[in-house]
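Novice: Spelled out, the chains give:
Protein chains: 2
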Amino acid sequence: MSEFGSLESRVRRKALLDKVKSPEECVEFFKDGMDLGWSGFTPAGYPKAVPIALADHVEKNNLQGKMKFNLFIGASVGAETEDRWATLDMIDRRWPYQTGKNIAKGINEGRIRMGDKHLSLFAQDLGYGFYTPKIDIAIIEVSAITEDCGLVPTSSCGVIGEILMIADKVIIEVNTGQPSFEGMHDCLIPQTPPNRQPFLISSSNDRIGTSAFPCDPDKIIAVVESKHRDKGRAFADMDATSEAIAGHIMQFFGDEVKAGRLPENLLPLQSGVGSIANAVVGGLAQGPFKNLTVFTEVLQDTMLDLFDSGKLDAASACSLSLSEEPGFPRFFENWDKYADKIVLRPLSISNAPEPIRRLGCIAMNTPVEFDMYAHANSTLVGGTRMINGLGGSGDFLRNGYLKIMHSPSVRPTKTDPYGITCVVPKAPHIDHTEHDLDVVVTEQGLADLRGLAPKDRAQTIIDKCVHPEYKPIIQEYFDMAKKETLAKGIGHEPQLFDRCFKMQQNLAQNGTMRIKNWDINIDLCE
Amino acid sequence: MSEFGSLESRVRRKALLDKVKSPEECVEFFKDGMDLGWSGFTPAGYPKAVPIALADHVEKNNLQGKMKFNLFIGASVGAETEDRWATLDMIDRRWPYQTGKNIAKGINEGRIRMGDKHLSLFAQDLGYGFYTPKIDIAIIEVSAITEDCGLVPTSSCGVIGEILMIADKVIIEVNTGQPSFEGMHDCLIPQTPPNRQPFLISSSNDRIGTSAFPCDPDKIIAVVESKHRDKGRAFADMDATSEAIAGHIMQFFGDEVKAGRLPENLLPLQSGVGSIANAVVGGLAQGPFKNLTVFTEVLQDTMLDLFDSGKLDAASACSLSLSEEPGFPRFFENWDKYADKIVLRPLSISNAPEPIRRLGCIAMNTPVEFDMYAHANSTLVGGTRMINGLGGSGDFLRNGYLKIMHSPSVRPTKTDPYGITCVVPKAPHIDHTEHDLDVVVTEQGLADLRGLAPKDRAQTIIDKCVHPEYKPIIQEYFDMAKKETLAKGIGHEPQLFDRCFKMQQNLAQNGTMRIKNWDINIDLCE
Ligand SMILES: CC(C)(COP(=O)(O)OP(=O)(O)OC[C@H]1O[C@@H](n2cnc3c(N)ncnc32)[C@H](O)[C@@H]1OP(=O)(O)O)[C@@H](O)C(=O)NCCC(=O)NCCS
Ligand SMILES: CC(C)(COP(=O)(O)OP(=O)(O)OC[C@H]1O[C@@H](n2cnc3c(N)ncnc32)[C@H](O)[C@@H]1OP(=O)(O)O)[C@@H](O)C(=O)NCCC(=O)NCCS
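Protein sequences appear in the order of chains C and V.
Residue 526, in the UniProt record's numbering, is where the first sequence stops; the numbers in between run on with no holes.
Residue 526, in the UniProt record's numbering, is where the second sequence stops; the numbers in between run on with no holes.
Just so you know, these hints were derived from the structure itself, not from any lab.
Idealized CB from N, CA, C, for every residue including glycine.
One or more hints might be untrue.
Covered stretches of chain V, going by a simulated chain C footprint (3 or more residues, C-beta under 8 Å) [what the hints assert, rightly or not]: (1) 103 to 114; (2) 348 to 355; (3) 431 to 437.
Calculated cross-link-like contacts (lysine-lysine; reagent style PhoX-like; alpha-carbon spacing at most 25 Å) [to be verified]: (4) K227(C) - K60(C); (5) K482(C) - K105(V); (6) K134(C) - K455(V); (7) K464(V) - K483(V); (8) K488(C) - K414(V); (9) K134(C) - K66(C); (10) K482(C) - K455(C); (11) K105(C) - K60(C); (12) K101(C) - K488(V); (13) K101(V) - K488(C); (14) K101(V) - K483(C); (15) K455(V) - K66(C); (16) K455(V) - K105(C); (17) K134(C) - K258(V); (18) K483(V) - K105(C); (19) K169(V) - K14(V); (20) K134(V) - K455(C); (21) K414(C) - K488(V); (22) K455(V) - K101(C); (23) K105(V) - K488(C); (24) K516(V) - K482(V); (25) K483(V) - K101(C); (26) K482(C) - K471(C); (27) K101(C) - K231(C); (28) K482(C) - K101(V); (29) K105(V) - K483(C); (30) K14(C) - K219(C); (31) K101(V) - K455(C); (32) K66(V) - K455(C); (33) K60(V) - K227(V); (34) K290(C) - K258(C); (35) K482(V) - K105(C); (36) K455(C) - K105(V); (37) K134(V) - K258(C); (38) K488(V) - K105(C); (39) K60(V) - K31(V); (40) K101(C) - K482(V).
With the sequences and hints as input, model every part of the structure.
Specialist: Shown next as structure tokens:
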């Protein structure tokens, strides 16, 4: 028995104690080619004991490539599970988001068939059977199992509900290595249309569900005790760039309050993944706004600072995605300070357009790059190489009251400290269109694009967001493109298709996007 | 007095009869540079008398370019108004959709600053003051004015509510040239967050509002009688292409019902603008499905056939966008057959993600083109020339239960009957991303993309949708792109940025996208 209670105390449905197994005993259930559904979301609340035992089994028996699975999980999970599975060639299909050097390598070399999708759609579509008619085995990490076989999640809700809808067999990992999260969740499995009910959430802390997901006990084939903690990573400290970005956003919020377009306590905040998002939340902790609320997908470490500042009244998310150190220990040690202000929801609710629009979230996310017309690339570096995936960025950027993307204006390459501009003439891959974004920000400045036609939008972005090293280059392209297309009467949104990716081609060839000129000689060889 | 009742009988708020003016008397209210808001949506329910009088005034007095306005209207309006205004250089900014040769010319030559946006967002953002803090003059076509100064719309609801929220002055056109539409509308002006209420619509014919939009009588500066009818265009008859597309879709629906993923009466249908959309609805009128419902943006002529077939139980839309001949006369003559099965809603509700997801709409729209990864271009021919605008395609394609786009596989150019392929390696402009579409269809076949990773998706689209003339060309590109990028470990979604637009460049240069080979010689001139 651990300091957080025994397995027996956590499994309140006593008949299930007959099904207790070790992780190793579960290995025999798994066959090559199976569809698996896991709990978990952006390393929080994922099963660890059984996936690690399976990886050990494959490694020990040289089964690499001979035990491959299709993995359906709410979002990314810890590197000790999916990234290690990738190394051992244990993954065929993977939906809808991932993180890790080795899994990314597998995807970009064509061994792993990853697909990404707006997370709110992924959740519901999984339940509808659009990805696979059934899940062979579900592996769900829980805090507890209730008397009536309700599964009480741990640090995330993910797509547990939808997995249970279509799962044949279920393995439960009861995590006794940390406190129980019972009472923090608002569990609900939406009905399938035409029988879906409204999600009657009118503020971040409204609850419309129950504290556990109902599970058919006959489907449960094993109950495994686990003491593994979530392996979330800590973020880099705020640097000058992210601090400047946070500053521009605070200024903008202040101006919107003055103009009467935002209430004094703003509107529920959504803040994406990564270090800039983390910095913006840090900026709010030091800023002038009080009685804030958060309606988001993941709560990262700086959210604890925002709670500590006394400025945050309530937070709703799909997962508590804190770092292994110092995030979770800090959270567990101050449980009473945070717990009753947090609601953890299933992905199909945390990211649903319905509450996001009704509440009027302020959406803030980091892209790989955006272009002068405000199309943004969130997923594919260089237009073809997958990083993590789309995540919920589109759910919030389409449905928020204000839709903001923030990025450094430049990034270094090996040979040029300004080798990459994150504001380009044309994004080589597009995840969010010009129709979705209201505001784009770099450390250079903030461009408010609301109500601007494409050419006005482009000039504003060049003026406010582009790094001085790239300003003349991009301005020259824009002027040239306007001149050529307007003369032909085809210039609503000018681009030159012989040159729009010249910067990207030069990066590949010469290591920098700082091109010397816009000349190009093309022979179509026709 | 017309056969449809007198002005006096329609204006039930009697004090307003003191404000009756002729269209010509209203001209003096308008000053260069004003922000105007009109009722109307895809030529239905727009003001005609006053806009025509203003155009006459400008023409007669040679004021071209000296009386320019910013026009905010739910969608496109009749050519005799906005297209004529464009000819007379009377438009500066225009949001968010338009139709007409002259207005498109003005936009693509850079004289008119058009912007498009998902229509559901346009509606709410207009009310929030994101486009202009105030509307100088609103011009609203109505069927009647109630005793308490409620405005009863005509054939569309558009953004009347949001316009009234921010309008300084209001001119009313009372249309006595057609029957009153009173009782058909479900009017509601959503509150601004954080005070927004749920939209409690659980089936197409649910009503949550009232029969008129409340208007402050002190804002009304004129009441004008109008007898002009809406000038909707009739559609081309079904041809072999659209018939084949409709056939593939009927087959797909049948298969989904068999698989248990759709109920026997399907789910509420959304069908876009244009002749293919029209044909698909025609296909349903002849098909096996009964007790259908429609939850859409515009009801076009074939919707009357669907009603007549006895297979359609209820239809919800923002506008009744029938043709001037034969659509509207047929509708008016059979009023009792149709009227109580139709609900006309404001754009902010007809296109809101909340009811679209809850009901689980089947979304079907025509793009300009889509690419092998299922990114779609709905707006910019050749990537830069605006046709109509995004419309509500994104509202439905993001939020539907099934998201379908249909297009002919090829279109002719002047010199080549197969000169344009509507399935391309890479779309030169993107309005809907790969994360939004489930199914793409051409007359060649239907590609079900659900659950497919990008490379599997591309192969399926090439196999099912590409025209035989283009199949080898696009297959060769895909194979080449896979080989090159996978070898470099950057091949999640292969593209070759030196060649991805070669077909488009060849079209511009040589009048066809049927290129002879994928060779290209590029000198970056660095
Ligand atoms: C886009 C995203 C990766 C940026 O996050 P971040 O913490 O600022 O990212 P980093 O600075 O660590 O960059 C990640 C990698 O992308 C590379 N990268 C980012 N932008 C790049 C660009 N414009 N050109 C080339 N490479 C780029 C970085 O160099 C880094 O590469 P590495 O892993 O090989 O070192 C991240 O926000 C993301 O995955 N977003 C999509 C999902 C999302 O928005 N979720 C929120 C919804 S709630
Ligand atoms: C895309 C759209 C124009 C297609 O409609 P359609 O009736 O099939 O269009 P048409 O065949 O009449 O084509 C319209 C024009 O675009 C041109 N066009 C269409 N696709 C093209 C392509 N791939 N390449 C070049 N030109 C193309 C046509 O040649 C025609 O040009 P013209 O006006 O100079 O003759 C129309 O569906 C649209 O505007 N969609 C966007 C809005 C929307 O989807 N709304 C529904 C939401 S409820």
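Novice: Now tell me, hint by hint, if it's right for this structure.
Specialist: The hints, checked one at a time:
no. : hint              : in the structure
1   : 103 to 114        : holds (count 7)
2   : 348 to 355        : holds (count 3)
3   : 431 to 437        : holds (count 5)
4   : K227(C) - K60(C)  : holds (23 Å)
5   : K482(C) - K105(V) : holds (15 Å)
6   : K134(C) - K455(V) : holds (23 Å)
7   : K464(V) - K483(V) : holds (22 Å)
8   : K488(C) - K414(V) : holds (18 Å)
9   : K134(C) - K66(C)  : holds (22 Å)
10  : K482(C) - K455(C) : holds (8 Å)
11  : K105(C) - K60(C)  : holds (23 Å)
12  : K101(C) - K488(V) : holds (15 Å)
13  : K101(V) - K488(C) : holds (15 Å)
14  : K101(V) - K483(C) : holds (22 Å)
15  : K455(V) - K66(C)  : holds (22 Å)
16  : K455(V) - K105(C) : holds (16 Å)
17  : K134(C) - K258(V) : holds (17 Å)
18  : K483(V) - K105(C) : holds (16 Å)
19  : K169(V) - K14(V)  : holds (19 Å)
20  : K134(V) - K455(C) : holds (23 Å)
21  : K414(C) - K488(V) : holds (18 Å)
22  : K455(V) - K101(C) : holds (21 Å)
23  : K105(V) - K488(C) : holds (11 Å)
24  : K516(V) - K482(V) : holds (20 Å)
25  : K483(V) - K101(C) : holds (22 Å)
26  : K482(C) - K471(C) : holds (16 Å)
27  : K101(C) - K231(C) : holds (15 Å)
28  : K482(C) - K101(V) : holds (21 Å)
29  : K105(V) - K483(C) : holds (16 Å)
30  : K14(C) - K219(C)  : holds (16 Å)
31  : K101(V) - K455(C) : holds (21 Å)
32  : K66(V) - K455(C)  : holds (22 Å)
33  : K60(V) - K227(V)  : holds (23 Å)
34  : K290(C) - K258(C) : holds (15 Å)
35  : K482(V) - K105(C) : holds (15 Å)
36  : K455(C) - K105(V) : holds (16 Å)
37  : K134(V) - K258(C) : holds (17 Å)
38  : K488(V) - K105(C) : holds (11 Å)
39  : K60(V) - K31(V)   : holds (16 Å)
40  : K101(C) - K482(V) : holds (21 Å)
In summary, the structure agrees with every hint in the numbered list given earlier.
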